[in-house]
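Asker: Residue-level listing of the chains:
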Amino acid sequence: MAEPMRIRALSKDGVIDVHVLMPHPMETGFRTDDAGRPIVAHYITDVEIAVQGRIVLSATLSRAVSQDPLLYFRFTGGRAGDTLRVTWTDTRGERRSDEAKILGS
Amino acid sequence: MCAWFAPRPDAPTDGVVAADRRAALRLMAAALVAAGVLPWPAARAGENDALAFASGSLEAALRALGATLDASPEIRLAVPDFVENGAVVPVEVTSQLAGPQTIFVLSEANPFPLVARFVVPDGTLPYVSTRIKVAKSCNIYALVLADGRYYSAVKATTVTVGGCGNG
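Those protein sequence lines, which keep their order, are chains A and B. Oh and the first sequence: position 76 is 75 in numbering that gives the first Met the number 0, straight run, nothing missing. Oh and the second sequence: position 137 is 136 in numbering that gives the first Met the number 0, straight run, nothing missing.
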């Protein structure tokens, strides 16, 4: 199972700054291991970020997003103390959700 | 050439499932075109993103999206001029357009140029920053779909060969 995400959401002047780091190998399927065998593709395809149930960003990723994808974005309409929930799904159908509270400045 | 892209650029080892998915997608797209649902060659804006992700060239990806590259001062794309490691290239897209929009990031020389898509609803600022893999020195494109129209920005980046280890 994948490691927990690191999520930081900081409210400042009505805008919430969000950083999300999703530990994941993001294997392209183009690489080979030391024995020359191909490494099967394994990457996150869908990411959904919601605050109190309202979707604030959804993303579709390809194999060309770097290992341990990092996302940084901003939204309005959230408050310190609200819960931000990030969910990803990968090519194996695995899913992971993590939550963080929005911090005040 | 980077090891994570090198060995067989036209044959990713997704296994049977992904190959089937691609075949199914092609079939589905063909059926839609045949049924007159999709115009040919261009899809309607924003209608065919899955096909765009499976497209093996920039032109094919744009065609699937129904997009043209209309450079717009409303779109700002920040990518380093030079990167040592093509596996980790920071990319930042900022749009001055109002309202909900969709942001696409494409890397021209990648085996599959469409890298990511971000759906930005009302209330979220049209700005996104992430890190992508870039196969070799090439143009990076930001494409923004707003109100049924595409806007774009382009930036060339130079990838230093030495920075591309296995992993």
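Quick caveat, the hints were computed from the structure, so don't treat them as lab data. It is possible that part of the hints are untrue.
Unchecked claim - Computed from the model, here is a short list of chain B residues facing chain A with C-beta under 7 angstroms: (1) 81; (2) 82; (3) 114; (4) 117; (5) 118; (6) 124; (7) 128; (8) 131; (9) 132; (10) 137.
Ideal Cβ positions, reconstructed from N, Cα and C, are used throughout, including at glycine.
Asker: The structure should be examined with respect to each hint, and the outcome stated for every one.
Answerer: Each hint tested on the structure:
1. Look at residue 81/B: its Cβ only gets to about 17 angstroms from chain A, farther than 7 angstroms, so that hint breaks.
2. For the restraint placing residue 82/B at the interface with chain A, the shortest Cβ-Cβ distance is roughly 11 angstroms, beyond the 7 angstroms limit, so the hint is violated.
3. At about 4 angstroms, the closest approach between the beta carbon of residue 114/B and any beta carbon in chain A falls short of 7 angstroms, and the interface hint on this residue holds.
4. Taking 7 angstroms as the C-beta contact cut-off toward chain A, the hint placing residue 117/B at the interface holds, the least distance being around 5 angstroms.
5. Interface hint at residue 118/B: satisfied, since its Cβ lies 5 angstroms from the closest Cβ of chain A, which is below the 7 angstroms cut-off.
6. This hint holds: residue 124/B has a C-beta 4 angstroms from the nearest C-beta of chain A, less than the 7 angstroms allowed.
7. Taking 7 angstroms as the C-beta cut-off, the interface hint given for residue 128/B holds, the closest approach to chain A being about 4 angstroms.
8. Because the smallest distance between the Cβ of residue 131/B and any Cβ of chain A comes to about 6 angstroms, under 7 angstroms, the interface hint for this residue holds.
9. A distance limit of 7 angstroms between C-beta atoms decides the matter here; for residue 132/B the minimum to chain A is near 5 angstroms, and the interface restraint holds.
10. Hint status for residue 137/B relative to chain A: violated, with the closest Cβ pair at about 12 angstroms, above 7 angstroms.
The earlier numbered hints that this structure contradicts are 1, 2 and 10.
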